[in-house]
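Respectively, the protein sequence lines represent chains A and B. For the first sequence, the positions run 1 to 113 when my numbering is used. For the second sequence, the positions run 114 to 225 when my numbering is used.
Keep in mind that the hints were calculated from the coordinates and are not lab data. Every residue, glycine too, gets a C-beta built ideally from N, C-alpha and C. Check before you lean on any hint, since a few could be wrong.
[Stated by the list, open to error] The calculated lysine-lysine pairs, modelled on PhoX-like cross-linking and capped at a C-alpha distance of 20 Å, are:
| no. | chain 1 | residue 1 | chain 2 | residue 2 |
| --- | --- | --- | --- | --- |
| 1 | A | Lys57 | B | Lys155 |
| 2 | B | Lys212 | A | Lys9 |
| 3 | A | Lys57 | A | Lys71 |
[What the hints assert, rightly or not] Label-pair restraints from in silico Cβ distances:
| no. | chain 1 | residue 1 | chain 2 | residue 2 | range |
| --- | --- | --- | --- | --- | --- |
| 4 | B | Asn209 | A | Met27 | 15 to 25 Å |
| 5 | A | Thr20 | B | Thr210 | 16 to 26 Å |
| 6 | A | Gly63 | B | Glu114 | 19 to 29 Å |
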Amino acid sequence: NAGVTQTPKFRVLKTGQSMTLLCAQDMNHEYMYWYRQDPGMGLRLIHYSVGEGTTAKGEVPDGYNVSRLKKQNFLLGLESAAPSQTSVYFCASKGTSGPYEQYFGPGTRLTVT
Amino acid sequence: EDQVTQSPEALRLQEGESSSLNCSYTVSGLRGLFWYRQDPGKGPEFLFTLYSAGEEKEKERLKATLTKKESFLHITAPKPEDSATYLCAVQARSSNTGKLIFGQGTTLQVKP
Numbered sequence: 001n002a003g004v005t006q007t008p009k010f011r012v013l014k015t016g017q018s019m020t021l022l023c024a025q026d027m028n029h030e031y032m033y034w035y036r037q038d039p040g041m042g043l044r045l046i047h048y049s050v051g052e053g054t055t056a057k058g059e060v061p062d063g064y065n066v067s068r069l070k071k072q073n074f075l076l077g078l079e080s081a082a083p084s085q086t087s088v089y090f091c092a093s094k095g096t097s098g099p100y101e102q103y104f105g106p107g108t109r110l111t112v113t
Numbered sequence: 114e115d116q117v118t119q120s121p122e123a124l125r126l127q128e129g130e131s132s133s134l135n136c137s138y139t140v141s142g143l144r145g146l147f148w149y150r151q152d153p154g155k156g157p158e159f160l161f162t163l164y165s166a167g168e169e170k171e172k173e174r175l176k177a178t179l180t181k182k183e184s185f186l187h188i189t190a191p192k193p194e195d196s197a198t199y200l201c202a203v204q205a206r207s208s209n210t211g212k213l214i215f216g217q218g219t220t221l222q223v224k225p
């Protein structure tokens, strides 16, 4: 099992450009999450999904959109990138609604100039 | 407001020098408390889940404990390979979506 994978690993965008980050998991998990990690801020939840076809806003959703068309994939989109979106993005997944651990991907380092 | 605070922010130890990392939390009913390890340039790696006060879990040189207000990650006789950032997170009882609230982490450096 590959677990949680993320594509791409690194990306540089210019202000105003758009891009999509892909997260894939092969553990048949229902729940998937997108976080951003910034120095001194910890991990902050952007959006999450509790199942195929469903999405919901997290703590810092502005400027991002998500889609969960297939159970194994969770996409994070930036329609018009801003320098404030320079960050490291992590995807995570979890099997059920219980107090069980989330499994994280390796991250995508995004720089917006 | 649910909140997690970790201390210290950074910790330097000599190899073999035992110590503890603290995670204080305020949550409206605890469903679970999680410890993760994060190496530079990588995603967080799950270590432990604690569910109720008094619970303890161990893995190699690490032992996690839980009270009603805080959790400790005890590191016994650490080695340089234990150097990493350790993250604490909580899931509130009111959350049925698995959302976690993370602390800012403690960066541990163990010198040989």
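Hints, one by one, checked against the model:
1. A/Lys57 with B/Lys155: Given pair A/Lys57, B/Lys155 is violated - Cα atoms ~25 Å apart, limit 20 Å.
2. B/Lys212 with A/Lys9: Since the Cα atoms of B/Lys212 and A/Lys9 sit roughly 24 Å apart, the hinted pair is violated (cutoff 20 Å).
3. A/Lys57 with A/Lys71: Answer holds: A/Lys57 to A/Lys71 is near 18 Å, not above 20 Å.
4. B/Asn209 with A/Met27: 15 to 25 Å: At roughly 20 Å between Cβ atoms, A/Met27 and B/Asn209 fall inside 15 to 25 Å, so the hint holds.
5. A/Thr20 with B/Thr210: 16 to 26 Å: For B/Thr210 against A/Thr20, whose Cβ atoms are near 23 Å apart, the range 16 to 26 Å holds.
6. A/Gly63 with B/Glu114: 19 to 29 Å: 23 Å, holds
This entry does not satisfy hints 1, 2, going by the numbered hints stated previously.
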